[in-house]
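Chemist: Residue numbers (our numbering), protein chains in the order written: chain A, 1 to 441; chain B, 1 to 252.
Source of the hints: derived by calculation from the structure; they are not laboratory data. Note that beta-carbon positions come from the ideal geometry of N, C-alpha and C, so glycine has one too. All clues stand as given, with none of them false.
Calculated lysine to aspartate or glutamate pairs in the DMTMM-like style (CA-CA distance at most 20 Å, straight line):
id: 1; chain 1: B; residue 1: Lys213; chain 2: B; residue 2: Glu26
id: 2; chain 1: B; residue 1: Lys223; chain 2: A; residue 2: Asp375
id: 3; chain 1: B; residue 1: Lys213; chain 2: A; residue 2: Glu376
id: 4; chain 1: B; residue 1: Lys213; chain 2: A; residue 2: Asp375
Output of the computed footprint for chain B on chain A, the stretches with three or more beta carbons under 8 Å from beta carbons of chain B:
id: 5; stretch: 4-17
id: 6; stretch: 43-53
id: 7; stretch: 372-379
id: 8; stretch: 393-404
Now for the letters of each chain:
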Amino acid sequence: MGWGRTAPSRATIALPENYDDVSGAIVGAGPRGVLARGLGRSYGDAAQSGGATVFDMTGLRRFNLDIEAGTLTADAGASIDDILRAIVPAGFFVPVTAGTRFVTVGGAIAADIHGKNHHVEGSFGSHVMSMTVIDGTGEVRVLSPEDSTTREMFWATVGGMGLTGVIVEATFRLLEIETSSMSVDTVRCSDLDDVMARMIEGDDDYRYSVAWIDSVAASGRGVLTRGDHARRNQLVGKPAGEPLAYVTPSLPSAPAFVPNGLLNSASVRAFNEAWFRKHPKNRAGEIQSIPAFFHPLDGVRDWNRIYGPQGFLQYQFVVPDSAGWIVERTLSRLRDVGAPSFLTVLKRFGPSNPAPLSFPQPGWTLAADVPAGIDELGPVLDELDELVASEGGRLYFAKDSRQSPSMVARTYPRLGEWQAVRDVMDPRGVFTSDLGRRLSL
Amino acid sequence: MIDALGEPQSVLVLGGSSEIARATVEALPRTRLRRVVLAGRPSPELDAAALQMGNSGISIVEVASFDAADTDSHQAFVDEVFDNGDIDIVLLAFGVLGDQLDVEADPSKAVQMATVNYTGAVSVGLHVARRLREQGHGHLVVLSSVAGDRARRSNYVYGSTKAGLDAFAQGLGDALVGSGASVLVVRPGMVRTRMSDGLPEAPMTTDPEVVGKVIVQALRRGKHTVYAPGPLRFLMGAVKSVPRPIFRRLPQ
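Please work from the sequences and hints to get the whole structure.
Modeler: See the structure below:
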């Protein structure tokens with residue numbers, strides 16, 4: 001099942017140790033097909049495929065840093081977590097990281113993940129120089145955006161949710177950093193208009209920017225945090241030490257069993273109040289660690305359990321600037337049905353890349369976690385889908401677990417173009433996922 | 001695929017003219033439902049059910065010829081349905097009631113009842129289970145009956161077919177644990193349908209719509225066994241503990 005712990009299905013897990021294992025399984029695939037899976041952080045059914053053979057790619061996890069070129073060549077199963085431990089002390093950072101570092105390179109490309117720097121640097125796929133993919137006939141292909149013969153396949157695989165082939169290796173550009181610290185400006189905003197105005201006005205001055213929104217408060221107050229990697233001279237006055245030291249906190253675990261409904265409006269209200277108050281009204285140049293700035297939720301292992309056995313989903317859309325009002329509407333409709341969310345984040349996206357199924361496009365993206373067991377959640381989300389679609393927005397496949405096939409056809413107008421390339425790469429329809437079946441991809 | 005909010009996309013009804021099955025399809029969340037296969041012996045009721053569902057906005061309503069008694073045809077039938085796409089929910093809803101005195105007088109009618117209600121259900125149930133296991137997800141809903149909970153003088157042949165079916169469905173559910181597929185055993189009391197038309201009403205007699213809602217709620221909650229209406233569970237618990245010499249003297 002996915003990170004949201006909803007709608008599970010059963011598959012046969014295979015642990016490939018080399019390319020031949022992958023090719024062999026593809027050639028010998030049964031009618032239910034095959035699918036690659038990384039660390040299972042997609043919320044819905046993207047990395048599961050009922051009855052299929054699912055490759056657990058995390059066994060293939062070697063990577064190699066080219067310090068001269070500032071690039072990394074990694075197996076698909078290497079995690080951003082593993083990579084950061086090795087490259088940060090060497091003065092490098094990944095070009096894009098999601099809100100969790102427990103993402104594999106293959107997953108980062110397949111979902112074309114974005115981070116707090118999308119408005120400046122785009123999504124993960126934009127930094128990939130080449131990748132090795134095993135297609136639906138078992139053939140090993142090297143794809144590059146620079147090579148006109150493989151360009152279309154490259155971009156169909158970026159954001160292609162694993163349905164064009166199994167990504168086994170990729171080379172991507174890294175960012176050079178002087179320290180392992182972040183220099184962060186924090187502003188507490190009294191309402192949603194304030195948050196959005198400040199983001200429009202000031203985001204361009206920062207490499208990283210994201211706002212946490214108090215989903216329970218009607219005002220839509222929030223905390224805007226923006227920053228960049230700290231330079232060496234910004235560490236003046238801090239305890240001396242290795243400026244590139246990278247330490248991740250050890251992980252406490254969420255309890256193994258949590259009843260449904262523990263996370264309710266009252267407990268989320270209390271959490272949100274505390275979280276809002278915890279931040280200073282206005283603070284510039286605070287030095288934070290990489291995990292604290294990028295991956296705060298990774299500090300609690302299996303935090304997805306706190307929503308109880310019925311699981312949860314994350315509703316994430318992007319809409320153009322002209323439809324920024326949908327952000328407020330979404331928050332108020334989720335409040336109407338009493339959907340408590342402590343993880344609600346707002347961010348601005350920059351330009352799209354050439355991938356037909358890549359999610360980001362210029363505008364606002366809002367992501368809100370909600371428990372799946374809430375009555376009336378389905379109709380409200382369908383109503384919001386309609387608004388998002390009619391304003392030219394769309395939903396993120398890596399988070400989706402409930403949109404309709406017609407929503408996808410409407411909001412990803414290049415789906416047909418992608419399917420044509422997919423059919424070339426996978427003529428037998430070997431690559432299957434529950435998401436693909438559900439949405440008729 | 002059933003989505004995160006429990007919305008199914010495809011349903012197979014075995015016994016497509018069954019009023020309980022129709023009411024269950026009615027009660028299912030509808031926003032993602034796009035394929036319903038109504039299987040049964042060709043009849044005006046089956047066509048009417050298909051027409052009604054088509055009019056209610058389900059984009060694909062297929063009518064498939066299916067005879068529970070013709071067990072040799074079951075494998076090909078089930079494979080054809082599943083080859084055209086995954087099935088999220090299978091309702092095993094066929095069955096015949098018949099008059100007790102009639103079947104006592106003509107045992108061949110008892111054999112026919114047992115063939116449809118039990119043998120046919122076991123046959124098609126196993127074929128469905130094989131395909132659910134292969135696809136790694138899906139629910140099989142088996143319409144049992146409280147008549148199988150305790151044999152009664154007035155309908156023990158029917159009751160015995162449901163007792164057998166009930167035991168089969170429970171065991172099948174256990175066998176499917178870990179496969180991604182599951183079985184829901186539904187034990188309705190007396191339901192006001194064509195089948196029970198003209199019979200005196202038993203306590204807690206209910207309507208197909210109520211049974212449909214009970215089934216949908218049980219699916220959503222992931223239950224394995226459910227009575228319809230729910231409180232029948234307690235009544236049947238009491239009924240089962242009544243000693244036979246007393247039970248057979250109770251009004252039937």
